[in-house]
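*Asks:* Sequence:
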Amino acid sequence: MSLNNTPSGQRVHIGFFGIRNAGKSSIVNKLTNQAVSLVSAHKGTTTDPVRKTMELLPLGPVVIIDTAGFDDEGELGELRKERTYRILDEMDIVVLVLDARADHLTEEEVDFLKMVKERKLPYIIIENHVDEVAGHPFEELSSDEKLLYVDATTDDMAAVKQALLQLAPKLTEQPLVADLVPEKSTVVLVIPIDESAPKGRIILPQQMVLRDLLDHRCKAICCQPEELTEVLNEDKSVSLVITDSQAFETVSKMVPENIFLTSFSILMARYRGSLNTQLKGVAALKNLQDNDKVLIAEACTHHRQCNDIGTVKLPGWIRNHTGKDVDFEFSSGNEFPEDLSKYKLVVHCGGCMINASEMQSRTKHCVEQGVPIVNYGMAIAHFNGILDRSLEVLK
Numbered sequence: 001m002s003l004n005n006t007p008s009g010q011r012v013h014i015g016f017f018g019i020r021n022a023g024k025s026s027i028v029n030k031l032t033n034q035a036v037s038l039v040s041a042h043k044g045t046t047t048d049p050v051r052k053t054m055e056l057l058p059l060g061p062v063v064i065i066d067t068a069g070f071d072d073e074g075e076l077g078e079l080r081k082e083r084t085y086r087i088l089d090e091m092d093i094v095v096l097v098l099d100a101r102a103d104h105l106t107e108e109e110v111d112f113l114k115m116v117k118e119r120k121l122p123y124i125i126i127e128n129h130v131d132e133v134a135g136h137p138f139e140e141l142s143s144d145e146k147l148l149y150v151d152a153t154t155d156d157m158a159a160v161k162q163a164l165l166q167l168a169p170k171l172t173e174q175p176l177v178a179d180l181v182p183e184k185s186t187v188v189l190v191i192p193i194d195e196s197a198p199k200g201r202i203i204l205p206q207q208m209v210l211r212d213l214l215d216h217r218c219k220a221i222c223c224q225p226e227e228l229t230e231v232l233n234e235d236k237s238v239s240l241v242i243t244d245s246q247a248f249e250t251v252s253k254m255v256p257e258n259i260f261l262t263s264f265s266i267l268m269a270r271y272r273g274s275l276n277t278q279l280k281g282v283a284a285l286k287n288l289q290d291n292d293k294v295l296i297a298e299a300c301t302h303h304r305q306c307n308d309i310g311t312v313k314l315p316g317w318i319r320n321h322t323g324k325d326v327d328f329e330f331s332s333g334n335e336f337p338e339d340l341s342k343y344k345l346v347v348h349c350g351g352c353m354i355n356a357s358e359m360q361s362r363t364k365h366c367v368e369q370g371v372p373i374v375n376y377g378m379a380i381a382h383f384n385g386i387l388d389r390s391l392e393v394l395k
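Note that the UniProt record's numbering gives residue 72 to position 72 of the sequence shown, counting from 1, and the numbers run on in steps of one.
I should point out that these hints are in silico values taken from the structure, not numbers from a laboratory. Mixed in with the good hints there might be a few duds.
Stated by the list, open to error - In silico BS3-like cross-links for lysine-lysine, where the CA-CA straight-line distance does not exceed 25 Å:
#, residue 1, residue 2
1, LYS219, LYS52
2, LYS30, LYS161
3, LYS236, LYS280
4, LYS219, LYS184
5, LYS280, LYS293
6, LYS161, LYS146
7, LYS219, LYS236
8, LYS236, LYS253
9, LYS324, LYS313
10, LYS324, LYS342
11, LYS184, LYS161
12, LYS293, LYS253
13, LYS364, LYS81
14, LYS184, LYS236
15, LYS344, LYS395
16, LYS184, LYS146
17, LYS286, LYS236
18, LYS395, LYS236
19, LYS114, LYS286
20, LYS364, LYS280
21, LYS364, LYS117
22, LYS199, LYS293
23, LYS395, LYS219
24, LYS286, LYS324
25, LYS199, LYS280
26, LYS146, LYS114
27, LYS253, LYS30
28, LYS114, LYS184
29, LYS286, LYS184
30, LYS342, LYS293
Construct the complete structure from the given sequences, taking the supplied hints into account.
*Replies:* Below, the structure is given as structure tokens:
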């Protein structure tokens, strides 16, 4: 997968934060060498987060996010600030931009930096406008805080890029699946091509698993469920079968016990770092009662079809499994609720369209509010009585 084609969820997310007119947009434009954000002397020019997906050397594939000033005012200003703070959930690196022309930090700047530190997010602090006033330390900052002094109108941002490089997570993350099987193994990917399959392509988790296997010199055989028995009879070297979760019931009956079996969704939970927490959420499926509210959350947005897994199949399976009249609510894309207190359970997709930071943040929100969270694939494996089997390869 080339750097230019790297999915957003695999890119380093870098957010620029600060009060209005600190120079966030000017720095973003200079750093990217593009007019990503509108720049004006008028306060509050940036009203919504502005995203730029690009390759930023020497970091590689990134998502640059320019945010509204967190000192915005008025009713709309409060909404913009909420969106700005919400962006923190996605951050791999936070860039706080200060104004060298100021004598001291604002209360908002102090509170924001405290929040970043509490979340243990990697960050750098840039002091802008040093063309007008000499850069200086602020008394509100600790003495060991390192500042980068820049002039967004003339500097080439080399120092900023170098600082980001030092903080950036390694682009070569842990393997998605190849570390679970011996080198040069044969793995079968069961990919149903039905009304839910997008035209002309396979979905992202399937692409990611296929590429990971090929990168590690494994042999990948792709087939549909009805072809699986024939494939297994023809190739006795298969060590693992990975299936779309919706086909778990059918596929599990075809795969001999001596061959490992799991799903793309379960592998994504492991890859995003939320596997153990989401496994604990399986128990909550057994305890649901009539009128309990369950949130079904998808990280992507797509046109809902008549037999959609999130809004149709999963609610049906949960009601059938529990025998309870459960109430369901749904979220998609970035619309993940901050307040989860009304829910007895969150059922989440694999999270391929968001980065690990956001998936872990969503999981953390659930844990902090005492709401169990479970992955699509784990729930479906549980319904079919094969959850333990689907986790064996992970052990």
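*Asks:* Tell me the numbers of any earlier hints that the structure contravenes, in ascending order.
*Replies:* 1, 3, 11, 12, 15, 16, 17, 19, 22, 25, 27, 28, 29
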